[in-house]
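**Q** Protein chains in written order, with the working numbering: chain A, 6 to 424; chain B, 6 to 424.
Be a bit skeptical, because a hint or two may be false.
Any copy will do: because identical chains look the same in the list, a pair fits if it lies in one copy or spans two.
[To be verified] Here are the computed lysine to aspartate or glutamate pairs in the EDC-like style, where the Cα-Cα straight-line distance is at most 16 Å:
no., residue 1, residue 2
1, K115, E201
2, K215, D252
3, K391, E338
4, K215, D49
5, K221, E238
6, K169, D397
7, K83, D49
8, K215, E420
9, K149, D397
10, K183, D126
11, K418, E244
12, K418, E256
13, K105, D126
Since the hints were derived computationally from the structure, they do not count as laboratory data.
What follows is the residue order along each chain.
Number of protein chains: 2
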Amino acid sequence: MKAEIITIGDEILLGQVVDSNSAWIGHQLDLQNIAVCQITSISDEPECILSSLALASSRADIIIVTGGLGPTKDDVTKETISSYFNSPLVCDTQVLLHVKELFERMNPGKPMPATNTSQADVLACADVLFNDVGTAPGMYITFKGVVYVFLPGVPFEMKFLMEKHVLPRLNTLSSSIKVYHSHIITVGLGESFLAEQIADIEERLPPFIKLAYLPKLALVRLRLTAKGQDYEEIKRITESFASEIADRLIEHVVIKEDITLEEALVRLFTQSGKKLAIAESCSGGGLASAITLVPGASRMFECGIVAYANSIKTSILGVSEQTLMDHGAVSEETVIQMASGIKRISNADYAIATSGVAGPGGGTPDKPVGTVWIAVCNPHQTVTRKFTFRNDRTINIERTIAHGLAMVWKLFKTELGDI
Amino acid sequence: MKAEIITIGDEILLGQVVDSNSAWIGHQLDLQNIAVCQITSISDEPECILSSLALASSRADIIIVTGGLGPTKDDVTKETISSYFNSPLVCDTQVLLHVKELFERMNPGKPMPATNTSQADVLACADVLFNDVGTAPGMYITFKGVVYVFLPGVPFEMKFLMEKHVLPRLNTLSSSIKVYHSHIITVGLGESFLAEQIADIEERLPPFIKLAYLPKLALVRLRLTAKGQDYEEIKRITESFASEIADRLIEHVVIKEDITLEEALVRLFTQSGKKLAIAESCSGGGLASAITLVPGASRMFECGIVAYANSIKTSILGVSEQTLMDHGAVSEETVIQMASGIKRISNADYAIATSGVAGPGGGTPDKPVGTVWIAVCNPHQTVTRKFTFRNDRTINIERTIAHGLAMVWKLFKTELGDI
C-alpha cells in the first residue's frame, strides 16, 4: 500500500507554520507498513487542491489530507472537494449538536457565530469521522479505488481522529509487501567515520535492505529498512545485520531503538534509580525542557535552575564570585561549580551544567559567539568539555542541549563499565 | 515568480525528521515577493526525484531542492540529477581542498574516509555554491528557463548557502506581481469570535486582499495578504485595513507584526526595563526555554527554577509544606507561592508560575491529566487561572507555556493601562 499526505494552507508555504503533522502521520503509517511516498503542501486555492488530489490518486492507494476545514472564509477545502467527488455538502445533525454543545461549554452564555454552523457540513458521500475534541469533523471517502481521508489541521484534533478512526480502518486494508525498520542511535562519531567502520557489513547487505545515516546535532541515527513479503524473515535478517553493526560500533551505541537521546536517558536513570539535576545558563531551560517532555521524567528529574544572571549563579548555585571575576561565566571553573552546586541543592546523583555565548550578541575575541562549556558530574567524577560552535543562537542552544545529554549518557555508561 | 521546494529524504516521509527547512525557505522567499506554490517531500529514489523535478518545472520558475547531498551511500541525488540535466559529475578542486581542510580541523590526525572525496563532485553545468560551514557544496543551475538550486539538508548549512549565495541571486530575477503581508497577533479570543467581530470589515476587503486566521495554542494570528503590481499602493490599502481590524480588536492585540508572543514579551520588558522570572513545575523549563531562545532575552530574564519535586518547591521557592499538604502541588495556593517565591529570589518585577498534571500518568479524579494552574504576578497584583486541558503530555506542556506567556502579557498591558 502506498500513501500520500497533502497539507493545505498558505501558512505552511509562507513558512509561518512548520508542518509537523505530516511527520507524525508518516510515522504512524510506517508503523502499519504503509509507505508514504510523497508529502505535498499546497495553497488554499481550489485549483491547487484539485490538481494535487488528481496527481496523488494516480500514484497512491491512500491519500491523507489535513487542513482547510476551519469555520472561517479562508478555508475552501470542503467546497472544492464537493466538486471533485461530485457530492453535495449536507448538514450532519449529530455533528451540529456537538458543535453547539462544545461552543456552549467553551463560551458559556455567548451566542454561537453563524460561521460555526458550517462546521457540521460534510460531503454526502463521506463516512463522517466524529471529532470529540474539536468542532471540525473528519471525512473518509473511497472513490475509484482510492481512500481519501480529510482531517482538520489542528495537530491534536488530527491526531485524535487518526488514532480513533483512521488508523484502525487503514489497518484492515492489507498489503502483501511488508516493511521492517531497525534503528541504532549513536553518539560521538560522525557519519563518514561510522560508514568507514561498518563498510564491510554495508557491502554485504542484501538488496532488499537499505541503510540510512541520519545525523542530528550530537548523534547519528542509523536506520535499516527492509521490504519483502515475509515479515518474519525480513525482520530476522535485518536484526542480524543490526546486531552486527551495533556490536561493531559498541562504544558509540546509545540504544537499538528509534527513540530520542532524552527518552533513552529517562529510561536509563529510572531503571537504575538514579536522579539527574540540571543547571543551565546558555541553554536557558532547554535541557530541562527536553528531559521533562518525556513521560515519566518526574521519576528521575526533580530540579533545574536556569541561572541566566551571574547573581543567580552565585546566590543559588554557590558559584564563587572570585571564579566569575577570574574566569568569567563562560569557563570550565564556572560550569564545574554550577554542576556541583545543583547536585548539592537537589541531592541528585548526576548533574549537567552549561554556560556559553549563544549569540547573536555577547561575543568577545577570547570567547566568540558559539563558545560553550559543559560539565557533567556524578559522585565520583566530573567531566568537562569546551565547544566552539558558530552559527546562530537557536542552533548553538540546540547543540548545547544535545551535547549535554550525550555527555551525561557517556558518563553514566562509563560508570557502569559499559564503555 | 513562482517557486517550489522539494525535500529529498526517506527520513521525512517516515516521520523521523520534521521538515523545518521548507518553512524557513518559504519565509525567506516570501520576503523577496517570490510565492512558494508547493512544497514536496519525496523519497531518495531516482525515479521520484526525476518525476518531481519534471512536474515542478512545469509549474514554477524556481525550484529549491534540499537533501540527499551527503557522503554516504543512501544519497543518490547527485547521480540522478546528472542524468536529468545530462551533465557529468566533475571534481571541484577548490571544494576538495576545503573538504580536506575541514575534515583535518574536525578530526586532527585522522585519515579522511574515501567517501568524503565525493563531496567535491559537482555537476559540470552548475554554478558551485561554496559551503564555508560544511562539506557538501550547493549547486545553482539554469535549465530550459527554470532555476534549480540544490542544497544540503543540514539546516544551518542550507541557511548559510541560501543567505550567502541563493537569495542575493534570486533577488535579481524580478517579477511584476508584488506580494504584501500584514500580521496581527491576538490572544484571548477564538477565531470564530474574532471573525464575528470584524465580519463587516472582512466583507469590505477588496478581492486582491486575502484574510487568514491562524490559530495556535493561546493565540490567533491574522494575516492579510495582498497581491498587485504597485507595491506601495497594495501596502497602503492593506495597512489601512489592518489598522481598522487592530483597532476593533484592541484589547486582544499583542502586536501588529509577525513575531512570536515571546519575542513581543522580550521587547516589551526590555523597552520598559522590567525583569521577568519563572518558576515551573509541569512546563518543565519550557517557558524559560521559549523566552531564552529570543535574542537579547538576557536583558529581561535572569532566573528560572524548574521545581519538579515538591521538596524543591519548598526548599528553593519557599512554598509552605502545609500548603502542599492541604491543597497539593497542583493548586492555586501553590502557584501563588511559587510565583511570589521566584519573584523574591530573583528581584524580578514580574513572575510566572506553573503547576499541573501533564500526563500521561499522575491524574486523579479531582485533578485529571490536563489540570494546570498558572499564576502571574507583579508588585501590585497576582492573577491566577485554572486550565483543564486534555490531550497528551506534549500538548498540555505547549498550552501551559502559551497561556503563561499570554497571561503575563495581559497583566503587563493592564498595568500600563493599555487594556
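**Q** Where does the structure disagree with the numbered hints, that is, which hint numbers, in rising order?
**A** 2, 5, 8, 9, 10 and 11
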